[in-house]
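J.: Here is how the chains run, residue by residue.
2 protein chains.
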Amino acid sequence: MAAASPLPSINSALTRSSAKLSVAPPLSLSTASSASSSVGRPHLYPSSISSLSSGRIAALAPISARNPSRIPAVVDEVREMADSRVPTVVDVDLGSRSYPIYIGSGLLDEPDLLQRHVHGKSVLVVTNTTIAPLYLDKVIKALTYQNPKVTVESVILPDGEKYKNMETLMQVFDKAIECRMDRRCTFVALGGGVIGDMCGFAAASYLRGVNFIQIPTTLMAQVDSSVGGKTGVNHPLGKNMIGAFYQPQCVLVDTDTLNTLPERELASGIAEVVKYGLIRDAQFFEWQEKNMQSLLARDPSALAYAIKRSCENKAEVVSLDEKESGMRATLNLGHTFGHAIETAFGYGQWLHGEAVAAGTVMAVDMSHRLGWIDDTIVKRVFNILQQAKLPTQPPEMMTVEKFKSVMAVDKKVADGLLRLILLKGPLGCCVFTGEYDRKALDETLHAFCKN
Amino acid sequence: MAAASPLPSINSALTRSSAKLSVAPPLSLSTASSASSSVGRPHLYPSSISSLSSGRIAALAPISARNPSRIPAVVDEVREMADSRVPTVVDVDLGSRSYPIYIGSGLLDEPDLLQRHVHGKSVLVVTNTTIAPLYLDKVIKALTYQNPKVTVESVILPDGEKYKNMETLMQVFDKAIECRMDRRCTFVALGGGVIGDMCGFAAASYLRGVNFIQIPTTLMAQVDSSVGGKTGVNHPLGKNMIGAFYQPQCVLVDTDTLNTLPERELASGIAEVVKYGLIRDAQFFEWQEKNMQSLLARDPSALAYAIKRSCENKAEVVSLDEKESGMRATLNLGHTFGHAIETAFGYGQWLHGEAVAAGTVMAVDMSHRLGWIDDTIVKRVFNILQQAKLPTQPPEMMTVEKFKSVMAVDKKVADGLLRLILLKGPLGCCVFTGEYDRKALDETLHAFCKN
Ligand SMILES: NC(=O)c1ccc[n+]([C@@H]2O[C@H](COP(=O)([O-])OP(=O)(O)OC[C@H]3O[C@@H](n4cnc5c(N)ncnc54)[C@H](O)[C@@H]3O)[C@@H](O)[C@H]2O)c1
Ligand SMILES: NC(=O)c1ccc[n+]([C@@H]2O[C@H](COP(=O)([O-])OP(=O)(O)OC[C@H]3O[C@@H](n4cnc5c(N)ncnc54)[C@H](O)[C@@H]3O)[C@@H](O)[C@H]2O)c1
Ligand SMILES: [Zn+2]
Ligand SMILES: [Zn+2]
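Protein sequence lines correspond, in order, to chains S and B.
Going by the UniProt record's numbering, the final residue of the first sequence carries number 451, and the count climbs one at a time with no gaps.
Going by the UniProt record's numbering, the final residue of the second sequence carries number 451, and the count climbs one at a time with no gaps.
Among the hints, erroneous ones may be present.
When chains are identical, the list treats them as one kind, so a pair holds in a single copy or across two.
What the hints assert, rightly or not - BS3-like cross-link-like pairs, simulated, lysine-lysine; straight-line CA separation at most 27 Å:
no., residue 1, residue 2
1, K323, K121
2, K404, K175
3, K162, K175
4, K290, K141
5, K404, K149
6, K439, K121
7, K323, K175
8, K379, K323
Hint data in this document are derived by calculation from the structure and do not stem from the laboratory.
All values derive from a computational prediction rather than experimental measurement.
This is chain S alone, in the form it adopts within the complex:
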């Protein structure tokens, strides 16, 4: 942990990476070639965080045998990710429903990015009471700048997971109908995952589907919920029980919005970032182990890199399995336990990522009990989550019974059999399976619960 290490991704900041594994590898984390080409470039890390980088170049390790298709990304681009206003673009490849994710600092000051994806004359921005005073004007300005023909309306919902329900959703429909929005209108989600999920479901259902743009403003939403088209609301008896698969026209990630985000919320998003490393991207996990403090310190280029690489991972999985027939389920590492915590503890007590963090520790513990991973992985997961100040065990009130009763209605139950995402093999490998020793699940629950 001494000298600042060059961020391997910098050289490929402008690469437009496609999430289509079969054509081009999505991960632009450059390997040997970019490591050498980055020699002599300015280190983007401010000295305040340089002490946190190790100088080792583990993240530049050779392509793992498991991912032979991960060839080095194009490295002849010279602009850097820290260069604001020039977005990094990650493409989500879903045939006719493909769309770009723009990532960068200051993107809300680039009207063209949004305007090119608005086709009709009316826009409805859906946001909440916390985010509206911070960013609504900026977004309205971006939508209307030199664009007199567009009319922008907004609906400001109450803030919180507990309002992610059908009743709140009706406020969006009420507004859209009052404003006589027609099929060519565009709904814009401005906010975290709650707003994104609700606005997306509203867009999917209003007149059986209207255009939709995501402007995620939490790390959670930027690395996870805004990508992939899962939308929905909660039911008193279960999270995200009602919803749709619905893809946006584009996702616009302005990393500057993270500057106003509370610390706990930032950590919550990091839980999902860690997840991508664990389920499919060992190099990314290793990068995180070295750069966690930079992320917590909101270093813009560290954040932009983590967001880009997370989106690439998610986009790749989603493009291979949009409707979650199998592989996509792996994105739910830690979520089965996590959802049980959120449901039994009450929505809004713990943040989603906090519950996922504790759930991830449980899933990893169970994987180890099954003999599927060795204990160094267990320790590394525990350490990285603790470093991120995330919980590593469920809240005290969670009993074995509570876990079991909520997990029985999990969406991943098929014909009565609970399938889980568990780690298996070396770092970065996981399985989605119902074939595991029930005893290991029981033991894990008992190990983490008082009774």
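We have chain S already, so just place chain B with the ligands on it with the hints.
T.: Showing chain B with the ligands alone in chain S's frame:
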């Protein structure tokens, strides 16, 4: 109107017709070849309605120049549509989302038809207080007969268009979640269009989409709403404003269920049957002109034929334009005026088909004012709807203003321009357009309203 005319379709009763125009023509109404092959076959029409058939074979007229692709259907099948238990099958061709429509008498007594489309272990039948006492037991029997591994639950909603809203929809979700239904469950809609639309939207949204089967029990649902995947609920400010495009696994039409249907409801369905003739199937319209009394008398083979041919027409349109980018909109002939009536008059005052009938007369009147059709068509439309005892003008309370204000929020408004489905050219031809003289619309509204 003297001797019974052979039903031209009889010979192709078992033809599995595909709604893929580009491959095989969907309309199995046989032309010259089937006319000759039907010579010598028994007339299926009971003598009680024979006086209504003309003996002329207008329905067997040569393929119209407009539809050169309509070649005669396969006619070597010998079983007849009136032979119960052997379903006619119309295929809705939507690639991976294709599904069959089974049509016939006594099909609810054929457990296999339903069971082959249920894949998981749990089924939720969604029906209402009127239909449950009539058919719920029968459906549960069909689902469970010699099939011990399936569990069938049901939810019985209040009856009526006024309950077609989000609140009632929540009862379906409540039940499904209480019963811990998982992703592999199947929702079955048992009822008319209201139940079908609601259950379909519930299936589309529950866990972001579960299997879905339609058992339509009104003529309206059998010829229209159960086919094509439009689902949804009403908003206090507009009909079907919230919903999804969602296709079922199959549609099962047991024509026997029509025996308990009130007369007004039967006529309401006929309004949609007439629609198919007007927008794209002149031969079918001519058949209806001759066989309206048989339909009203619920002659089983006349009904089965009208249902089959309606489904073929709808299936063909839907397979060419699933998401209503253009052609599918033509299925809304009379519906823009009709929806205005339903909305302003209050849901449930007039039946949907009654409002559509009055709306159709208005659309036809306007088409004539534009000089797009000649007045014999106007008269024939008026006559056939009157014969079916359907309204031919809006209710007295409808003012020009009421029409205009509701039509302004119609789903077919694009960027402020109201597009309408209007007849143009010979019988069976229509257009979907925003390019018409506004004066003609005004004149039509004034001609049909007191003020
Ligand atoms: N659709 C998916 O694939 C998916 C994936 C993961 C999570 N989710 C969902 O996302 C939700 C969690 O999302 P979240 O963690 O973003 O929570 P959130 O949307 O509730 O946002 C967290 C808090 O931060 C505030 N906030 C948002 N942006 C801010 C900013 N820039 N500055 C200051 N405050 C800001 C919000 O108002 C809120 O109070 C859950 O409902 C979860 O189910 C969905
Ligand atoms: N999804 C579509 O493409 C589409 C197309 C057309 C209409 N619709 C919708 O369909 C609805 C109208 O459908 P509907 O006309 O079937 O009305 P409906 O569902 O209200 O049924 C009419 C009445 O008949 C009763 N009923 C149903 N089957 C019966 C039977 N076999 N015996 C006795 N009574 C029976 C019902 O309980 C109800 O009281 C409207 O909401 C309309 O918007 C949808
Ligand atoms: Zn998550
Ligand atoms: Zn209709």
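J.: Next step is simple, just say for each hint if it's right about the structure.
T.: Here's how the hints hold up against the structure:
Proximity of K323 and K121 under a CA criterion of 27 Å is satisfied inter-copy only: 21 Å between copies versus 31 Å inside one chain copy. In this homomeric assembly, K404 and K175 come within 27 Å of each other (Cα to Cα) only across copies, at 20 Å, whereas the closest approach inside a single copy is 40 Å. Taking the closest pair of Cα atoms, K162 and K175 come within 27 Å of each other both inside a single copy (21 Å) and across two copies (21 Å). Taking CA atoms no more than 27 Å apart as the test, K290 paired with K141 passes in neither setting, with 39 Å inside one copy and 63 Å between copies.
Taking identical chains as interchangeable, the C-alpha atoms of K404 and K149 lie at most 27 Å apart only when they sit on different chains, with a minimum of 24 Å there against 55 Å within one chain. In this assembly of identical chains, the alpha carbons of K439 and K121 lie at most 27 Å apart only when taken from different copies (26 Å versus 59 Å within one copy). With identical chains, the CA atoms of K323 and K175 are at most 27 Å apart between copies only, with a shortest distance of 24 Å across copies and 30 Å within one. In this assembly of identical chains, K379 and K323 lie within 27 Å of each other by CA distance neither inside one copy nor across copies; the values are 33 Å within and 51 Å between.
Hints 4, 8 from the earlier list are contradicted by this structure; the remaining hints agree with it.
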